[in-house]
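Chains as they are written, first to last, in the numbering used here: chain A, 57 to 274; chain B, 57 to 274.
By construction, these hints were calculated from the structure, which means they are not laboratory data. Check before you lean on any hint, since a few could be wrong.
Treat identical chains as interchangeable: a pair holds within one or across any two.
Unchecked claim - Straight line, CA to CA, 30 Å or less: simulated DSSO-like cross-link-like pairs of lysine-lysine:
#	residue 1	residue 2
1	LYS241	LYS130
2	LYS254	LYS130
3	LYS236	LYS161
4	LYS233	LYS130
5	LYS233	LYS260
Protein chains: 2
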Amino acid sequence: MKIIRVERRMLAANEEDARELRRGFQAAGVRVFNLLGAPGSGKTALLEATLRAAGPAHRMAVVEGDVATAYDAKRIAATGTPVVQIETHGACHLTAAMVRAALVKLPLDSPRVLFIENVGNLVCPSSFDLGETAKVVVVSVAEGEEKPEKYPAAFLAAEAVVISKLDLARACGCSVKRLKANALKVNPVLRVFITSAKTGQGLKPWLAYLAGDRGEAW
Amino acid sequence: MKIIRVERRMLAANEEDARELRRGFQAAGVRVFNLLGAPGSGKTALLEATLRAAGPAHRMAVVEGDVATAYDAKRIAATGTPVVQIETHGACHLTAAMVRAALVKLPLDSPRVLFIENVGNLVCPSSFDLGETAKVVVVSVAEGEEKPEKYPAAFLAAEAVVISKLDLARACGCSVKRLKANALKVNPVLRVFITSAKTGQGLKPWLAYLAGDRGEAW
Chain A
57 MKIIRVERRM LAANEEDARE LRRGFQAAGV RVFNLLGAPG SGKTALLEAT LRAAGPAHRM
117 AVVEGDVATA YDAKRIAATG TPVVQIETHG ACHLTAAMVR AALVKLPLDS PRVLFIENVG
177 NLVCPSSFDL GETAKVVVVS VAEGEEKPEK YPAAFLAAEA VVISKLDLAR ACGCSVKRLK
237 ANALKVNPVL RVFITSAKTG QGLKPWLAYL AGDRGEAW
Chain B
57 MKIIRVERRM LAANEEDARE LRRGFQAAGV RVFNLLGAPG SGKTALLEAT LRAAGPAHRM
117 AVVEGDVATA YDAKRIAATG TPVVQIETHG ACHLTAAMVR AALVKLPLDS PRVLFIENVG
177 NLVCPSSFDL GETAKVVVVS VAEGEEKPEK YPAAFLAAEA VVISKLDLAR ACGCSVKRLK
237 ANALKVNPVL RVFITSAKTG QGLKPWLAYL AGDRGEAW
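Working from the sequences, and respecting the hints, build out all of it.
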């Protein structure tokens, strides 16, 4: 079918751009995390808490992807972290070409950790490689325990899942244990982090993961 | 550009299918609501509460769209409402052709109100006409006050917005007033309903809207 062939061509073109990005990231020794999640899953709040806990010495930077507005980039900038905004003007995911164009404007030459916060969308972004070290999917306790099975692609593509807004679990009647089990049912090798950006709970193992889990000093 | 031309062709083909559906819906006198919203925004919970409050005499029916699983259709069936599931197997939105194929399997001949619960995605579904009477966007207080401006397309395409999970507003630190104002900033003619499926708050004006706001007995 013609539509499917065109989609394949789009994905193939993106793969090429992503390979080029990945080579660049690896040569520069930067760890790159592509953050996926639904709108309101808490991706930006997780980044704010992470960046504040890590501090500027760790040379983190952020590429912010949004359909519209620069609200999230402003929140990141307020933590003192170098950030560049991509406004997709309606597009439902980031592409490697968008990231490449944005990196030129990033006001930090050699970050050690680069976060790419994707458009809030639990479906489309998981198909697009951005040259990242790993995809991380963020899912909040407010979204419901069954989300991993209902949106399996993101959980399959990811190396890690961050279960966010732990502080709301009781009010939402969400069993974090079941949400975690459902994520592992879809992808048994997922690394699971359970966090609250509000209280700071669970950030320590997450920071260790970002550093490569190899005892680097944070 | 080739990609854009193909996207236009896809949308044009859908428009044709949607026109056909709309003619059928209008001839049958059924009011059809296309429910959009992020994963976990509370679309299914809103439907459960709505169907239970309205009761079977009102001849409501549901088409459930999901990327994977039939969890939501089972929840709807438990209310005693005729329901048919569309599993999109990865696709990020419903099309009019999918709805047409599903309607054949709907176990109710002449509903008065038909809900089409779209795939959980605040971006893509807003571009696809399903022949509906109106699109309704569901946004929960847990998603954050700025969502309408960050995802304007869904709020522009909709006739009404349902602000859901009112019972969580305090725990989430969400100002419902600001969320409502932000929705109206994007689309000043939106009908706004503020609801909690858990407590039943705000369902009455929502039910009146579904009935056409013309004093039909519910």
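Enumerate the violated hints, using their earlier numbering and listing them in ascending order. Violated: hint 3 alone.
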